[in-house]
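Visitor: What follows is the residue order along each chain.
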Amino acid sequence: MGWLQGGVTEEDRLDLTATGAVLARTARLAAPYRRLGIRAFFLLVAWTGTILAGPFLVRRALDDGIRVGDSGVLFESVVAYLAAALLGYVLYRSAIVTLASVGESFLRDMRIRVFDRLLRQALGFYDRNKSGVLVSRMTSDIDSLSELVQFGLLMFTGALLQLIGTIVALGFLSGRLLLVCLISVPIVALASVKFQRDSNRAYLVVRDRIGLTLSALQEGIAGVRIVQAFGREELEASRFSRTNDSLYRSHMDSVKVAAWYLPIIEMAGTITTAAAIGIGGWWVRSGELSIGTVVAFVLLLQGMFEPVQQLSQLFNLVQSATASLSKLYELIDEPIEVPDPDEPQSLSPAGEIDVSNLSFSYGDGPRVLSNVDLTVGAGERIAFVGPTGAGKSTLAKLIARLYDPSEGSISFDGVDLRSATGRELRDRVLVVPQEGHLFTGTVADNIRIAKPDASDDEVRDALDRIGVLGRIEGFENGLHTEVREGGARLSAGERQLVSLARAALADPAVLVLDEATSSLDPGTELIVEGALEELMTDRTVIAIAHRLSTSQRCDRVAVIDEGGIAEIGTHDDLVAAGGHYAALFDAWQRGQP
Amino acid sequence: MSGQQPSDEPTGSSEPSNERDSIDGSPANSRGRHLLVDALRRQRLGLLMGMGAALGWTAFRVTVPRLIQLGIDRGIRGTDPLWRWSLFIAIAGMFSGIFLGLRRYTAFRNARRVEARTRDRLFAHIQRLHIAYHDVTATGELMSRANTDLQQFQNVVTMVPITTGNALIVVAVAVVMLLTDPVLALLALIGLPLVNLLGKKFSEKLHPAVLAVQKESAELAGVVEETVAGMRVVKGFGAEGVQAEKLVTEADDVYRESIRVSRIRARYLPGIELVPNVGLVIVLAYGGQLVIDDQLTIGQLVGFNLYVLMLIQPLRMLGMVVAQWQRAIAAGDRIAEVLDTAPVIVDPSHPTALPEATRTSPVGRIEFNHVHFGYAGGSGPPVLTDFHLTINAGESVAIVGPTGCGKSTVARLAPRFYDVDDGSILLDGIDLRELERRELRRAISLVFEDTFLFSGTIRENIAFADPDASMDDVRQAATLAGARDFIEDFELGFDTQLGERGLSLSGGQRQRISIARSLLANPRVLILDDATSAVDPTKEHEIRDAMQEVMAKRTTIVIAHRAATISLADRVVVLDEGRIVAEGTHSDLLATNERYREILAASDAGESDDTPVPAGAS
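For the protein sequence lines, the chains are A and B, in the order given. Residue numbers for the first sequence follow our numbering, so the first one is 1 and each next one is one higher. Residue numbers for the second sequence follow our numbering, so the first one is 1001 and each next one is one higher.
Just so you know, not all the hints are guaranteed correct.
[Said to hold, decoys possible] Computed list of lysine-lysine pairs in BS3-like fashion (alpha-carbon distance at most 27 Å, straight line):
1. 130/A to 327/A
2. 327/A to 1215/B
3. 130/A to 1215/B
4. 1201/B to 1215/B
5. 256/A to 194/A
6. 1200/B to 1215/B
Since the hints were made in silico from the structure, they are not lab data.
Start from the sequences and build out the full structure, keeping to the hints where you can.
Guide: What follows is the structure, given as structure tokens:
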């Protein structure tokens, strides 16, 4: 956007106290880089000094050298000026590198810190927070910080130091003349405040309209087949044109804001110079000031108004960066719902799962499960069936400690799940979710997620165990085939196979299986079924069954309804009993071809 | 003088394009240049104003140091009334400011106009481009043409008056200095081209480095997105450590590239500062001596000093302009590439009208006449081979086959999304290529497997084919598609907003709305491409009733997996590897055809859920 450096909405804007708190915390977090930061600051101060030295040396050359015809003094001043310029070069150079290194290190730590915190949050946190918002913390909020670090911080600090330094230097040259020059302060201040406000507002409107235009664009391109199928090409073009035009108008508003401010500041600068020449010159004539002082004054003034406009342009950027920091700190401060114990107990390799008097609700929501008791023996296969929302997935997730119970407890071979570390629990109990989500990387990388140190051979072995090695090795580059983000190149069935292979590789004692509900192409369906059967062998299995063909294959079936276990027993017993399950099974069977 | 780029000027580094930058002089480049020339020609009035403002700005700006010089020599050191020179300086400053404002305003306005107009053109063109083009072009690719590339392109328009102003300043200042004292002028100016050179180098080096940072940041964002989206998988498999490690790698990459950028800044910016400072030192040394020797006045010395300061910014900008120009032309070239692509599926010059229905001859007969077809303009592998099928007016035919057999292609050929490679398709006896597309697509309506709905109300979505349709028509279409009841259950009924900020609908609901959308125009032929796959099996009977109603009255092609849906059709065609392998009624085929039973059994093994999907996303 060029001149629009950022903006912050009213609700995000921090008051002074909050800003102070954010800054104090930032200083604490940046403690490892404190010495480097202090060094960067002093480098900048020294650099500003070399810039301000120029006009003083010109004054000395004029007053003590040129006017009195002393070439020696002129020469001295010239040499000193050159030395100051060279010193400035060195100082500036190292200030850029030092400041960037402080800022970028801080950002790097921040990225890792926030992401670690996100990873430690339990699923409940993700139920409450929209994923888009969480992603934007790590992207747009950190980006606005990095924008500040990359060019704003140096510019802001440099401009601030230069402005203060110039005013001090001017006062040192002549306090009276400085007072005269202050006539431009009200204009500059008013203009800057107005500009800062208007550009903030204009920026927010432009940002909003850009978003609207991009989503209209996206919709038009993604939906082009529908548009053409219904002969809507022209209508859509004119619809888009309206959105695009509103973006243009918001751009023009911001152009108006941007167009007048710089000229006003420049005018103020020239008028101040005029005043310095007029009044300062008068004092020179009356012998109260030297010509060199007035010239130095004029030269210093040339460098004073650029920092002013830089500061007011950067002010919004600094504000929005502070707002972003505050949001990131809030995220870091969110308590962890499923924490690791302080003194963890170790888990035995296998054992009975005991659910005792368990109740659960999501956040402050209604009870999803109440007073559930259930024991699943080692190596037993149990299917949870029941209507959507009755709590079967919730119970399974509690057993995997994706959530902690509101009341009651769940134990694995007598040890409460809350007394074990997450890492150790995951070695025993794995959840195979229904969606075969893929991460960037190769097929092998994807299979390895639950056991990162596994070798390729171990991966192959796992694939072989579930009978799909041939299928995966049939890919272009076999195990090392890249799966693009989202796994566009693998079919739904292949993604499920990868998901099963992950579990096979990790080889857990307990498997919580969230059965897929989406349909697969015919060939793959059979392979997935086969792989699943292999995977379930010799393990405790808790299956969230959507197809009753699965429950048929389990040792026991628990019908979960209205937050409790309505029926439990073997498939045959339950069918014979003629209750809930029998009715479900009957309905399901009639739906089959 | 703090050594940063002035933020009022286009930097070009804020919105770089992600594509290959083509180098000046390649033939493709002339397209971008042509687009630019064309855009500038349309803006000539604004451009003239901008140039005029630049000229005025230069004139007054160059006057100021001269006035300061005269003020010192004649006012302070002479006998002229001081207030007069003060006033002159102030007035020149005022006018310089006014022209500066005008120059900025016109420059930015021109650029934004070009941007808006080109984006409109691009969008309209993209809407008209044939489907085969869209098949091979990613949405993101076109998005960046109309977004980041366009941003770069408009930069160049801003640059025209600004560069003119900068060039004028440089020339004017040089002339004034040379006229005052040629030797001192040469000494002062001799190093300054270095500023230009360094500015150019800086811009050239900075751009790829900034792109690298953006690339790494995007990769980091990718890790965050995939992790948050797949949090259930991460938690379920305990993959937190794996993802955390990935992020550390990406964060390190971003750090490394960012530090590289700051090294480039450190290498060039202090140098760009130093060169003019050396110029100032030279002015002071040699000029000071001249003053001592009475060959120069103090005012002139100060004037020289101010002129050198005045040149820094314009010279730097002129250095950066070259690199920006190249990038903008490259971006313009990519935009022109889209605009120059001609749509392949076009209306015939003398279209034939479809025959009207009469009582004796109903309409809606569609014939596939020995059709051969492959994607990528026939150069891809054959998808349909000698596909021959006639569907009579009012008849309903189900096309069944395994994934990849070509059944969806049949659905896409009928509304002429693609032209056949060989053979022909006739609607009521007329070759599709002889029909106006608009008429054809009103006559043959396709309900896609992918139920894309647009942001807007439900009513607007149903009335998509005909925005002027009456509420009665919309309601009737919704009733036919079995969508009316659930729509009217919404608080706002047909005025319910869909899309990003609107209501989330279930797959089945979306499907029924998209069927209603197709029915609104009362097409002669309705094609349902896997249209019921997203409907919850337990609710399928509702839509089945609706479909029965719909199919009874018009020619229908159904592409389906589920036996229940297929059995509604009068006739079933089994397609395998682009050829028809069997034909008959559902019950006949079920009884006699092994392959048919296989296909059906496989399809019915899976069921579909009814997960809500936000409308508009697909």
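Visitor: Identify every previously stated hint that the structure contradicts and give their numbers, smallest first.
Guide: No hint contradicted; all consistent.
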